[in-house]
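Same order as they appear, the protein sequences are chains A and B.
Residue numbering for the first sequence follows this note's numbering, starting at 1 and increasing by one per position.
Residue numbering for the second sequence follows this note's numbering, starting at 1 and increasing by one per position.
In short, the hints are calculated from the structure, not lab data.
Relax, there's no trap hidden among the hints.
Below, a list of computed lysine to any residue pairs in the SDA-like style, where the Cα atoms sit at most 25 angstroms apart:
#	chain 1	residue 1	chain 2	residue 2
1	B	K122	A	R161
2	B	K122	A	T162
3	B	K122	A	R160
4	B	K160	A	D174
5	B	K160	A	T176
6	B	K160	B	D86
7	B	K160	A	R175
8	B	K122	A	E173
9	B	K160	B	E116
10	B	K122	A	R163
Quick caveat, the model's predicted, so the values are computed rather than measured.
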Amino acid sequence: MSNIVLLALTGLGLGALYFLIASGLSLIFGLADVLNFAHGLFLAVGAYGTWWSSTHLGFPFVPAVMFGVVAGTVTAVLVETLLIRPLYRRTIEQVLVTVGLSLAGVALLQAAFGADPLTFPRPEWATGTTRILGAIVPNDRFLLIGAAVVVLVAIQVFLRRTRFGLIVRAGVEDRTMVTALGINVRTAFTLVFAIGGAAAALAGALAGVYFGNVSPGQGTSLLIFAFIVVVIGGMGSVTGSAIAAVLVGLVQQFTSFYAAAGVGEASVVLLLAVVLLARPGGLAGRAA
Amino acid sequence: MTPLLEIADLHVRIGSSHILQGIGFAVPATGVTAVLGRNGAGKTTTLKAVLGIVPKTGSVRLDGEEIGALPTHAIVRRGLGYAPEDRGIFAGLTVTENLRLAERGRGPHRYDLVYEMFPELKQRGAQRAGTLSGGQQQMVAIGRTLLNDNRMLLVDEPTKGLAPKIVTEVADVLERAAREVPILLVEQNLALVRRIADHVVVIEQGTVVHTGEAASLLSDPDLTRELLGVA
Numbered sequence: 001m002s003n004i005v006l007l008a009l010t011g012l013g014l015g016a017l018y019f020l021i022a023s024g025l026s027l028i029f030g031l032a033d034v035l036n037f038a039h040g041l042f043l044a045v046g047a048y049g050t051w052w053s054s055t056h057l058g059f060p061f062v063p064a065v066m067f068g069v070v071a072g073t074v075t076a077v078l079v080e081t082l083l084i085r086p087l088y089r090r091t092i093e094q095v096l097v098t099v100g101l102s103l104a105g106v107a108l109l110q111a112a113f114g115a116d117p118l119t120f121p122r123p124e125w126a127t128g129t130t131r132i133l134g135a136i137v138p139n140d141r142f143l144l145i146g147a148a149v150v151v152l153v154a155i156q157v158f159l160r161r162t163r164f165g166l167i168v169r170a171g172v173e174d175r176t177m178v179t180a181l182g183i184n185v186r187t188a189f190t191l192v193f194a195i196g197g198a199a200a201a202l203a204g205a206l207a208g209v210y211f212g213n214v215s216p217g218q219g220t221s222l223l224i225f226a227f228i229v230v231v232i233g234g235m236g237s238v239t240g241s242a243i244a245a246v247l248v249g250l251v252q253q254f255t256s257f258y259a260a261a262g263v264g265e266a267s268v269v270l271l272l273a274v275v276l277l278a279r280p281g282g283l284a285g286r287a288a
Numbered sequence: 001m002t003p004l005l006e007i008a009d010l011h012v013r014i015g016s017s018h019i020l021q022g023i024g025f026a027v028p029a030t031g032v033t034a035v036l037g038r039n040g041a042g043k044t045t046t047l048k049a050v051l052g053i054v055p056k057t058g059s060v061r062l063d064g065e066e067i068g069a070l071p072t073h074a075i076v077r078r079g080l081g082y083a084p085e086d087r088g089i090f091a092g093l094t095v096t097e098n099l100r101l102a103e104r105g106r107g108p109h110r111y112d113l114v115y116e117m118f119p120e121l122k123q124r125g126a127q128r129a130g131t132l133s134g135g136q137q138q139m140v141a142i143g144r145t146l147l148n149d150n151r152m153l154l155v156d157e158p159t160k161g162l163a164p165k166i167v168t169e170v171a172d173v174l175e176r177a178a179r180e181v182p183i184l185l186v187e188q189n190l191a192l193v194r195r196i197a198d199h200v201v202v203i204e205q206g207t208v209v210h211t212g213e214a215a216s217l218l219s220d221p222d223l224t225r226e227l228l229g230v231a
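Work the whole structure out from these sequences, hints included.
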C-alpha cells in the first residue's frame, strides 16, 4: 500500500511538471499553429534564472522562482515577437527556427554555466518528507502538484472570465474568423507565448527542486514528454493536457517500478499510440 | 449617388488558379447589392478579398479611403460586418460568448436590436453554439454583424442549407437590416434576391459580366438564363 501511495504521488508530481510545460505548448499550438520546439528554452531560462538569483543575488526561494518566471516570460515574448512573428503561416521555417533556437539555447547555457549539473537551491521544507498511509513522501511532490493546480485554475479563470481568454478560445477554433470580427489576433499570440513561457519557467524552477539539480539539457528531455502529453490531451486543450499529464505521470511511474527501468518511457509511447488510435484528435482536442 | 464601397482591378491567385481576374464594381450606400454567379465564379472569394482574408492585388475603397492594404481586423474595424458562408460560428463557445466576441470598441453594442430580431438568441444564451440548428447559427452570424454600428454588411449565402420557413425569416431580417445599413449579399436563391436586392453584380469566371438594377435583370428571363443559367 505504501508503495502505491508513493508511486501515485510521485506520478502526480511528475505529471504536474509535464502539465506546466504542456499547457503553454498546447495553447500556443492551438491558437497560433506553432509547434514550438524552443519551449524547453523557456523552461531552462526559468531554472537557471531561479538558480542564479538564489546563488548570486541571495534571493530566498519564492522571490528566486519569481525572478526565474519573469526571465522565462520575457524570453518567450522576445522569441515570439522577434523570431516567430515574421514566420506565421510558414510552418517549415518555424520548425527550423525553434529547433535551432532550442539547440543554440542549450549551447549558450553550457557556455555560460558549464555542462555539468548544478546543485539547485531548495527550501528546507521541500527536502523533507511527509508520512501518508505508511508511505514516506518527499514534500517536493506536494509543491509540484499544488503549483500545477494553481496554474490550471489560473489559466481556466483567464480563459473563461476574460475577453483575452475568450479570444484565445475562439482563436483555437477558427483564427481567421476571429480576425474577421475585427480582432487583432496577433496580440493574443504574444499573450499565449507569455503565459506559456511563464508556466514553462515555473516548471523549470520546480524541476530543479524535483531533480535537485539543473543542467542545460533538462528542458529538452522534459519537452519530449510534454509534447506527448499535448498530443494525448488534444492540441489546444488545457484541460486535456491536465488529464493527459496525470495519465502519463502515473503510467510512467507505475510501469517503471513494477516492470523494469526504461519500460516507463516505452509505456508512455504505447499509451500515446493507443489514444491516437482510439481518438485521433486526442482526449479533448479538436478533430484531427 | 456616391458609392460607399468601390472595388477596382481585384485579382486573387490561389496556387496556380487565377480566381479573380480584375473584378471591379461599386456598392451604393443604401439597399442590398447582390453578387450573383454560377458555382465557382468567385463570389465568396470577392467578399474574402474585400476583407483581406485571401491575398489579393487591386484597390478596395470604403467611403473614399483605400483599405485594400490593411489587415483583416483593421478593415473590419472600419465598419464592415461579415457573416460568412459557413456562418463562422465558434462551436465550443456559448451563444452569448459568440456575440460578446463580436463587440468592437466601447459600444454601445446593439443587443436590444439583436435580441428584438432574434429573441431565441437571448433564450439560448448559455447554449453552446455548436449545438444550434443551421437556422439558429445563421441568426448568431447575422446577429454579430448587427451588434456594432457597421457601415456595411457583407453576407455570404445566408440561406444555404436552410428550411424554407427559416429562409423567409432570414429574408425578413435582411430586409429590415438593409433599412439601416447597406448590404453586399452573395446569394444563389433568386427568389430571395428578387425580394430584397436593389442592385446586382454578376460574376463569371472571376470577372464582372453585368451590373445594374436587380429588377431589370430578374425581369428579363433570357438575360437571367444567359448570365446565371437559370430563370
